[in-house]
Amino acid sequence: MSLDQIIMAPFIPVSAGVSVHAFLKAWTNFRLLARGQWIEAEIVRVREEANGDGDPRFYPEVAFTPPDSDEVRVESKVGRLYPIDRRTRIRVRYDPAKPRRARLQGYGGPGLFVSLLTGGAMAFLAVGLFLHLFT
Numbered sequence: 047m048s049l050d051q052i053i054m055a056p057f058i059p060v061s062a063g064v065s066v067h068a069f070l071k072a073w074t075n076f077r078l079l080a081r082g083q084w085i086e087a088e089i090v091r092v093r094e095e096a097n098g099d100g101d102p103r104f105y106p107e108v109a110f111t112p113p114d115s116d117e118v119r120v121e122s123k124v125g126r127l128y129p130i131d132r133r134t135r136i137r138v139r140y141d142p143a144k145p146r147r148a149r150l151q152g153y154g155g156p157g158l159f160v161s162l163l164t165g166g167a168m169a170f171l172a173v174g175l176f177l178h179l180f181t
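If you read the sequence shown in this note's numbering, its first letter stands for residue 47, the second for the next number, and so on.
Possibly wrong hints are sitting among the right ones.
[As the list claims (entries may be wrong)] Pairs of lysine-lysine, DSSO-like flavour, derived with a Cα cap of 27 Å:
id, residue 1, residue 2
1, LYS123, LYS71
2, LYS144, LYS123
3, LYS144, LYS71
Calculated from the structure, these hints are not laboratory results. Predicted model, so just to flag it, every value in this text is computed and none were measured.
My request is simple: use the sequences and hints to build the entire structure.
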């Protein structure tokens with residue numbers, strides 16, 4: 047086994063893992079786009095946390111009640127740099143089959159296209175590395 051193979055081989059499972067994660071994120075985004083419904087939610091709590099640079103990030107937690115269901119609380123996975131007024135109402139797109147699968151308007155992560163592009167690029171990289179190193 048050459049030095050190139052030893053150095054580059056660990057990138058194959060890493061890129062494959064990132065690819066799988068990106069495709070799962072794309073699937074979740076697709077389901078939310080295809081089946082999701084909009085609902086008004088109330089901000090019930092805001093969690094403040096410092097990022098790596100020491101700057102504050104604000105993560106709102108919202109509560110909403112889908113039709114024929116109990117109250118659902120969801121915290122945003124994406125934070126903002128500026129404080130959020132707790133009295134503000136916000137729109138939420140949620141999956142009626144799993145109401146906890148929701149995205150707050152204005153707090154989205156990577157969308158469907160970006161997730162598909164990332165997944166495809168990382169899968170291409172994993173296959174390319176494998177073919178380059180072991181064939």
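Against the structure, the hints:
no.: 1; hint: LYS123 to LYS71; result: holds (13 Å)
no.: 2; hint: LYS144 to LYS123; result: holds (17 Å)
no.: 3; hint: LYS144 to LYS71; result: holds (15 Å)
The structure agrees with every numbered hint stated previously.
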